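Student: Under our numbering, think of the first position of the sequence shown as 1, with each following residue one higher.
Rather than coming from a laboratory, the hints here were simulated on the basis of the structure. Hints may contain errors.
With a cut-off of at most 20 Å between alpha-carbon atoms, the simulated EDC-like pairs for lysine to aspartate or glutamate come out as follows [stated by the list, open to error]:
no., residue 1, residue 2
1, Lys472, Glu491
2, Lys516, Glu491
3, Lys408, Asp630
4, Lys516, Glu538
5, Lys472, Glu67
6, Lys501, Glu491
7, Lys511, Asp497
8, Lys516, Asp537
9, Lys504, Asp630
10, Lys556, Glu625
11, Lys185, Asp224
12, Lys629, Glu362
13, Lys556, Asp537
14, Lys185, Glu223
15, Lys157, Glu67
16, Lys408, Glu377
17, Lys501, Asp541
18, Lys607, Asp398
19, Lys556, Asp373
20, Lys511, Glu362
21, Lys501, Asp540
22, Lys504, Asp541
23, Lys607, Asp596
24, Lys504, Glu360
These figures come from a predicted structure and were not determined experimentally.
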Amino acid sequence: MKNTKSKNPIQKTQASKAPAKPMKSKGLFNTDLKFHLFAPIFCFLALVLVAVCLLSFESDFLWKAQELNLHLDTSLFFQQQMIVPGGWLTWMGTYFTETFYHPALGVFLLVMWWALLMLLAGRAFRIPKKWAILLLIPVALLLLTCVDLGYLVYYLKLRGHFFSATIALSVVCALVWLFRSLPGKYYLRQVFILLCTPLFYPLLGAYALLATIVMAVMQWRLEDQKLVPNIIGSVVAVVCVIVVPIIYYWKVYYQTSLDNIYWAALPNFEMNRLLTSDSAEEKSSMVLLFNYYIPYILLAAFFIAMAATYRLLPSGKVKRPLQWGFINVVLMAVLIVGVKQFWYDDYNFHKELRMQHCMEQEDWQGILDEAADLQDEPTRAIVMMKNLALFRQGRQGDVMYHYLTGAKACNAPFRVNMTQVTGRSLYYQYGLPNYCYRWCMEDGVEYGWRAEYLKYMTRCALLNGEYRVARKYIDLLKHTRYHREWAESQERFLAGDGAMKGDKNYATIMKLMNFKDRLSSDQAIIEQFLMNHFMYDESDDPLFQEQAAYAGLWSKDIATFWRLFFQYAQSHNDQHMPVHLQEAAYLYGHLENNVDISGMPFDESVKKTYDQFMAAAGRYKGMKEEQLKDILFPQFGHTFYYEYFLIRNQKLY
Numbered sequence: 001m002k003n004t005k006s007k008n009p010i011q012k013t014q015a016s017k018a019p020a021k022p023m024k025s026k027g028l029f030n031t032d033l034k035f036h037l038f039a040p041i042f043c044f045l046a047l048v049l050v051a052v053c054l055l056s057f058e059s060d061f062l063w064k065a066q067e068l069n070l071h072l073d074t075s076l077f078f079q080q081q082m083i084v085p086g087g088w089l090t091w092m093g094t095y096f097t098e099t100f101y102h103p104a105l106g107v108f109l110l111v112m113w114w115a116l117l118m119l120l121a122g123r124a125f126r127i128p129k130k131w132a133i134l135l136l137i138p139v140a141l142l143l144l145t146c147v148d149l150g151y152l153v154y155y156l157k158l159r160g161h162f163f164s165a166t167i168a169l170s171v172v173c174a175l176v177w178l179f180r181s182l183p184g185k186y187y188l189r190q191v192f193i194l195l196c197t198p199l200f201y202p203l204l205g206a207y208a209l210l211a212t213i214v215m216a217v218m219q220w221r222l223e224d225q226k227l228v229p230n231i232i233g234s235v236v237a238v239v240c241v242i243v244v245p246i247i248y249y250w251k252v253y254y255q256t257s258l259d260n261i262y263w264a265a266l267p268n269f270e271m272n273r274l275l276t277s278d279s280a281e282e283k284s285s286m287v288l289l290f291n292y293y294i295p296y297i298l299l300a301a302f303f304i305a306m307a308a309t310y311r312l313l314p315s316g317k318v319k320r321p322l323q324w325g326f327i328n329v330v331l332m333a334v335l336i337v338g339v340k341q342f343w344y345d346d347y348n349f350h351k352e353l354r355m356q357h358c359m360e361q362e363d364w365q366g367i368l369d370e371a372a373d374l375q376d377e378p379t380r381a382i383v384m385m386k387n388l389a390l391f392r393q394g395r396q397g398d399v400m401y402h403y404l405t406g407a408k409a410c411n412a413p414f415r416v417n418m419t420q421v422t423g424r425s426l427y428y429q430y431g432l433p434n435y436c437y438r439w440c441m442e443d444g445v446e447y448g449w450r451a452e453y454l455k456y457m458t459r460c461a462l463l464n465g466e467y468r469v470a471r472k473y474i475d476l477l478k479h480t481r482y483h484r485e486w487a488e489s490q491e492r493f494l495a496g497d498g499a500m501k502g503d504k505n506y507a508t509i510m511k512l513m514n515f516k517d518r519l520s521s522d523q524a525i526i527e528q529f530l531m532n533h534f535m536y537d538e539s540d541d542p543l544f545q546e547q548a549a550y551a552g553l554w555s556k557d558i559a560t561f562w563r564l565f566f567q568y569a570q571s572h573n574d575q576h577m578p579v580h581l582q583e584a585a586y587l588y589g590h591l592e593n594n595v596d597i598s599g600m601p602f603d604e605s606v607k608k609t610y611d612q613f614m615a616a617a618g619r620y621k622g623m624k625e626e627q628l629k630d631i632l633f634p635q636f637g638h639t640f641y642y643e644y645f646l647i648r649n650q651k652l653y
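With these hints in hand, go ahead and build the complete structure from the sequences.
Tutor: Now the structure itself:
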């Protein structure tokens with residue numbers, strides 16, 4: 001009998017050994033594995049690009065952010081943060097914001113947090129790898145919460161702003177992931193919702209409420225959940241979101257405003273002076289300030305939408321690679337255009353930041369290098385920092401008008417005062433430590449204590465000989481990570497003013513303090529107050545009288561100028577008269593005949609430039625002032641003549 005069964009295994013073996021039919025190559029889209037890898041790799045490259053952009057365009061901004069930040073490594077500091085809901089976030093946020101002292105380190109940590117957030121969100125909502133590009137949406141929104149601030153960075157009251165939202169959303173995603181991983185029986189998920197809100201509200205504030213809402217929505221999309229548990233979970237979530245903040249307000253956080261208990265740990269962009277105004281302009285500003293909340297609204301909407309659409313994103317093989325690729329490219333293009341559109345990129349704002357950074361390092365030439373290549377009309381803060389740097393180099397009277405001047409308003413939807421931008425540093429550098437200290441104290445109470453405030457308060461206390469007060473601030477700064485070395489360097493000045501007179505910077509400032517001190521108010525108008533101080537406060541110090549003469553130039557008041565001019569001439573009789581002072585004297589001598597200038601030794605270049613300017617002005621008689629500015633600036637923009645006749649309305653704040 002023929003054994004037919006024995007042939008079948010042999011035939012099968014031979015068939016299995018037959019060469020497979022070669023597959024037609026599809027280039028980049030050869031295997032599904034490449035589709036799964038493409039999106040995650042693209043996300044990684046996007047994070048690298050964000051890091052490069054932050055370091056390239058915002059290094060000084062990030063440095064300023066950490067100067068306006070404070071984290072102390074003490075238990076008392078931690079306890080102080082925890083007296084408000086979301087205090088743990090501010091503690092963590094200030095800890096990581098400190099690292100912007102070295103911008104590369106801070107950006108690296110921020111990007112790593114975003115990578116962790118993307119990983120947790122992908123796990124929590126089971127987003128297929130090929131759709132990983134969706135996870136760039138919250139990263140883009142979080143990036144905007146940092147880079148769209150502009151001048152609002154000076155007015156932020158939320159501590160640790162740059163990291164707090166990222167950390168909070170990472171915890172939210174971790175909670176959602178844990179919630180989803182729980183079994184659907186025994187009402188474990190509903191109990192989890194009930195416990196999460198009261199446990200995490202003290203740590204996360206409003207973000208704990210968001211986690212509760214996301215979990216309540218997601219339970220309706222889970223495959224092993226039933227109708228009754230879903231209804232119970234939703235009711236529990238609604239009750240928790242409404243009741244838990246109120247209970248905490250009654251029992252724990254009674255010092256927090258009742259209006260803010262549902263928004264705790266979120267930034268407050270409203271300003272009291274805007275809320276109390278009825279003018280149309282201020283109401284418009286309120287609308288513009290609301291725009292700062294839009295990224296936070298979109299972030300909440302994104303995570304709720306991810307929960308509502310759970311399991312709806314198609315997984316598996318990519319069947320239509322071109323369509324899939326087109327959707328990814330469009331989404332990426334929308335994110336890039338959106339971020340670019342709302343990224344705050346004001347020229348003067350960033351110029352001010354770079355000049356402030358140079359001032360902190362006492363790099364006066366660095367300030368002048370920044371002022372020399374201005375591409376836009378500068379703000380008064382830029383002009384004043386430039387004048388300070390020239391004063392420190394002893395060149396203000398000769399080249400002050402060689403730099404572009406102006407009075408452009410700050411690009412912000414609210415009024416920006418120089419007091420918050422650079423007023424403190426200018427008061428300190430010009431020998432008015434009491435006014436510097438006053439604004440540090442007031443802003444510390446209003447916006448929270450910051451490293452910058454404590455450093456200036458230390459300097460002011462040293463200048464005033466209040467060494468015990470200076471010791472207090474030095475000891476506080478020694479509990480910071482990056483300002484400890486600076487604080488220790490100031491300890492050598494606690495012995496007395498002898499050591500300070502040996503320090504070049506302190507010695508210069510101390511000379512400017514040789515006047516009769518008096519109590520007054522600056523009305524938050526820094527430039528005008530400083531100029532009036534030098535014009536009307538008396539001092540026999542030559543350095544003070546030099547600044548008084550330049551204040552006379554600023555005033556354009558002829559009688560005031562002559563008084564200060566002769567005072568300067570008497571104290572500097574063995575020195576060459578600065579060019580701009582000569583120009584003012586020569587001009588005023590021709591405008592009025594009250595002072596005889598015939599015997600004054602003017603430089604020939606001063607006389608020649610005056611004659612040329614008056615002749616040119618005569619040729620264009622009848623033209624509008626704005627037209628004359630453009631015509632005469634190339635030849636005479638570096639003179640006081642141009643300043644006197646064509647530069648107006650500069651004393652804005």
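Student: Each hint needs a verdict: does it hold in this structure or not?
Tutor: Here's how the hints hold up against the structure:
no., hint, in the structure
1, Lys472 x Glu491, "holds, 11 Å"
2, Lys516 x Glu491, "violated, 28 Å"
3, Lys408 x Asp630, "holds, 17 Å"
4, Lys516 x Glu538, "holds, 7 Å"
5, Lys472 x Glu67, "holds, 19 Å"
6, Lys501 x Glu491, "holds, 15 Å"
7, Lys511 x Asp497, "holds, 12 Å"
8, Lys516 x Asp537, "holds, 7 Å"
9, Lys504 x Asp630, "violated, 41 Å"
10, Lys556 x Glu625, "holds, 18 Å"
11, Lys185 x Asp224, "holds, 9 Å"
12, Lys629 x Glu362, "violated, 34 Å"
13, Lys556 x Asp537, "holds, 18 Å"
14, Lys185 x Glu223, "holds, 12 Å"
15, Lys157 x Glu67, "holds, 14 Å"
16, Lys408 x Glu377, "holds, 6 Å"
17, Lys501 x Asp541, "holds, 15 Å"
18, Lys607 x Asp398, "holds, 15 Å"
19, Lys556 x Asp373, "violated, 27 Å"
20, Lys511 x Glu362, "holds, 17 Å"
21, Lys501 x Asp540, "holds, 18 Å"
22, Lys504 x Asp541, "holds, 17 Å"
23, Lys607 x Asp596, "holds, 15 Å"
24, Lys504 x Glu360, "holds, 14 Å"
Hint violations for this structure: numbers 2, 9, 12, 19, all remaining hints satisfied.
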